[in-house]
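Visitor: Sequence:
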Amino acid sequence: MDAIIPGNPQAKAAIDIACWDILGKKLGAPIYQLLGGPLRTSLDLLWPMGDQEPEKDKKEMKKKIEEGYKTFMFKMGAIKDIDMQIERIATARESFGKKLGKELVIVPDANQAFTKDEAIQLLRGLEPLQSKGPLFVEQPVSKERPQDMISLQRQTSIPLSIDESLVTVKDALHFAQQQGDRRDEANVKVVKNGGISKAMETIGVAKLYGIPILFNSMLETGVAQAAALHLAAVTPTLYPSGHCFMSTLRLKDVTTFASSLIWKEKASGLLMVHLPTGPGLGISLDEEALETYTVDKRVITDDKKA
33 MDAIIPGNPQ AKAAIDIACW DILGKKLGAP IYQLLGGPLR TSLDLLWPMG
83 DQEPEKDKKE MKKKIEEGYK TFMFKMGAIK DIDMQIERIA TARESFGKKL
133 GKELVIVPDA NQAFTKDEAI QLLRGLEPLQ SKGPLFVEQP VSKERPQDMI
183 SLQRQTSIPL SIDESLVTVK DALHFAQQQG DRRDEANVKV VKNGGISKAM
233 ETIGVAKLYG IPILFNSMLE TGVAQAAALH LAAVTPTLYP SGHCFMSTLR
283 LKDVTTFASS LIWKEKASGL LMVHLPTGPG LGISLDEEAL ETYTVDKRVI
333 TDDKKA
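Numbering-wise, the sequence shown is residues 33 to 338 according to this note's numbering.
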C-alpha cells in the first residue's frame, strides 16, 4: 500500500487491522498469539482529566480512585495559566499521594498547546514533584517544531512523551536517537500509527532503545481499541501504569460486545481490561447497532465480476 499510496496511515490502519482479524480467525488464534504470545493478560486503565481548576480535579479524582483508577492524564492548554497547571499537579499529588504512593501515576498532556518557553516554565515548576511519584509530560510543544522537543530534552530531567509527533517508525527512531541517557516515553495509537503491522515496527524501536510505551486512543470504536489491546499484550517495554482503554468508554462502545473484558480486581482494587480469548480480534460486532449509527455506506464491488 505504501508504494502505491504514500501516507494516509489511518485509512491503511483499517485495512491492516481487518487483515490481522481475518488471519486470526482463519487460524483459530487471537492476534496476540500471532504476534509472539502475550506478556500479560490484563492491563489497568487510565482516566483523563479535563483542563480545569485544582479543586474540580480533586473531586473528580476522588470518585475515579474509588472506581479503580490510579493513573490520571491531565489535559492542559485550554487554560494558558502555567502556574495554575503546576498547581493542579501539585494538588493532585498532595491530596492522593499519601494514600496511593508510587501507584499514583500523573501524566500532564498538553496536546501541543505550549510554546517552548511556556513548556520550560511548566517543566521547571513540575521538577520538584518528580521524587514523589511517577510523572511524565506528553507532547508539550507542536509536532511542527521538533527542534523545540529536542531543546526541552536538554533542559529538563522530567521524562517527555511524544504523541502527535509519533506517526511513522522514522519518527520513533528520530526521537529515540535524541534521548541520550534520558528515559523518555512514546505514545502508541494503533490507528494513528497505521495499524498493527506499523505499530509493531514502532514497538520494535522502543524495545531496541528501552523506551517505555503508553497505549492511548483516538476517536475510534472498540474494534480499533481491541487491536491496541492485542498490541499492548505483546509490548516488552509497556509503561507500568494505566492505559487508555476506558477513557471515553471506547472499548465499551455500542457497536462491539466488549463490556465483559473490563472489571475491577478484588485483590488490587484496580479497574482492569482483560485480553479476549477468541480468534482474531476476539470481539464481535452488534450489526443492528452498527446499522443504526451508520450515516453513509459505500459498497465496493469487483467490476470484472459484475
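Careful: at least some of the hints might be erroneous.
As the list claims (entries may be wrong) - In the DSSO-like style, the derived pairs of lysine-lysine whose C-alpha atoms are separated by at most 30 Å in a straight line are:
#1 K94 with K296
#2 K130 with K329
#3 K329 with K91
#4 K131 with K148
#5 K88 with K230
#6 K57 with K107
#7 K134 with K107
#8 K230 with K298
#9 K298 with K95
#10 K202 with K91
#11 K95 with K175
#12 K112 with K44
#13 K96 with K57
#14 K329 with K57
#15 K298 with K96
#16 K230 with K44
#17 K296 with K91
#18 K88 with K44
#19 K94 with K112
#20 K148 with K95
#21 K95 with K130
#22 K57 with K164
#23 K298 with K58
#24 K130 with K44
#25 K90 with K107
#26 K94 with K130
#27 K57 with K88
#28 K329 with K44
#29 K44 with K94
In case anyone wonders, no lab produced these hints; they're calculated from the structure.
Visitor: Decide, hint by hint, whether the structure agrees.
Guide: Right, here's what the structure says about each hint:
1. Straight-line distance between C-alpha atoms of K94 and K296 comes to about 16 Å, which keeps the hinted pair within the 30 Å bound.
2. Taken as a hint, the K130 and K329 pair is broken in the structure, with Cα atoms around 53 Å apart against an allowance of 30 Å.
3. Pair hint K329 plus K91 does not hold up; C-alpha atoms about 43 Å apart against a cutoff of 30 Å.
4. As the CA atoms of K131 and K148 are separated by approximately 34 Å, the hinted pair breaks the 30 Å bound.
5. Between K88 and K230 the alpha-carbon distance is near 39 Å, which puts this suggested pair outside the 30 Å criterion.
6. Between the alpha carbons of K57 and K107 the distance comes to roughly 38 Å, so the proposed pair goes past 30 Å and is violated.
7. Between K134 and K107 the CA atoms are separated by roughly 21 Å; this keeps the pair inside 30 Å, and the hint holds.
8. For the hint pairing K230 with K298, the CA-to-CA distance comes to about 36 Å; that exceeds 30 Å, so the pair is violated.
9. A C-alpha spacing of about 18 Å is found between K298 and K95, which places the hinted pair at or below 30 Å, so the restraint holds.
10. Between K202 and K91 the alpha-carbon distance is near 41 Å, which puts this suggested pair outside the 30 Å criterion.
11. For a cut-off of 30 Å, the pair hint linking K95 to K175 is broken: about 34 Å separates their Cα positions.
12. About 36 Å separates the Cα atoms of K112 and K44, which puts this hinted pair outside 30 Å; it is violated.
13. Between K96 and K57, the direct Cα distance comes to roughly 37 Å. Violation of the 30 Å bound is thereby established for this hinted pair.
14. Taking the CA atoms of K329 and K57, the gap is near 25 Å; set against the 30 Å cutoff, the hint holds.
15. About 16 Å separates the Cα atoms of K298 and K96, which keeps this hinted pair within 30 Å; it holds.
16. As the CA atoms of K230 and K44 are separated by approximately 10 Å, the hinted pair is consistent with the 30 Å bound.
17. A distance of roughly 21 Å separates the Cα atoms of K296 and K91; the hinted pair therefore holds under the 30 Å criterion.
18. At most 30 Å may separate the alpha-carbon atoms for a hinted pair to count; K88 and K44 exceed this at roughly 40 Å.
19. Of the pairs offered as hints, the one joining K94 and K112 holds, with about 25 Å between alpha carbons and a cut-off of 30 Å not exceeded.
20. Pair hint K148 plus K95 does not hold up; C-alpha atoms about 34 Å apart against a cutoff of 30 Å.
21. Between K95 and K130, the direct Cα distance comes to roughly 17 Å. Compliance with the 30 Å bound is thereby established for this hinted pair.
22. Between K57 and K164 the alpha-carbon distance is near 46 Å, which puts this suggested pair outside the 30 Å criterion.
23. For the hint pairing K298 with K58, the CA-to-CA distance comes to about 36 Å; that exceeds 30 Å, so the pair is violated.
24. Proposed proximity of K130 and K44 is contradicted: the alpha carbons are some 46 Å apart, above 30 Å.
25. For the given pair, K90 sits about 14 Å from K107 by alpha-carbon distance, which is consistent with the 30 Å threshold.
26. For the proposed pair K94 and K130, the alpha carbon gap of about 13 Å is at most 30 Å, so the pair holds.
27. For the hint pairing K57 with K88, the CA-to-CA distance comes to about 46 Å; that exceeds 30 Å, so the pair is violated.
28. Note on K329 and K44: the hinted pairing holds, with a Cα-Cα distance of about 18 Å set against a maximum of 30 Å.
29. At most 30 Å may separate the alpha-carbon atoms for a hinted pair to count; K44 and K94 exceed this at roughly 40 Å.
Of the numbered hints listed earlier, those contradicted by the structure are 2, 3, 4, 5, 6, 8, 10, 11, 12, 13, 18, 20, 22, 23, 24, 27 and 29.
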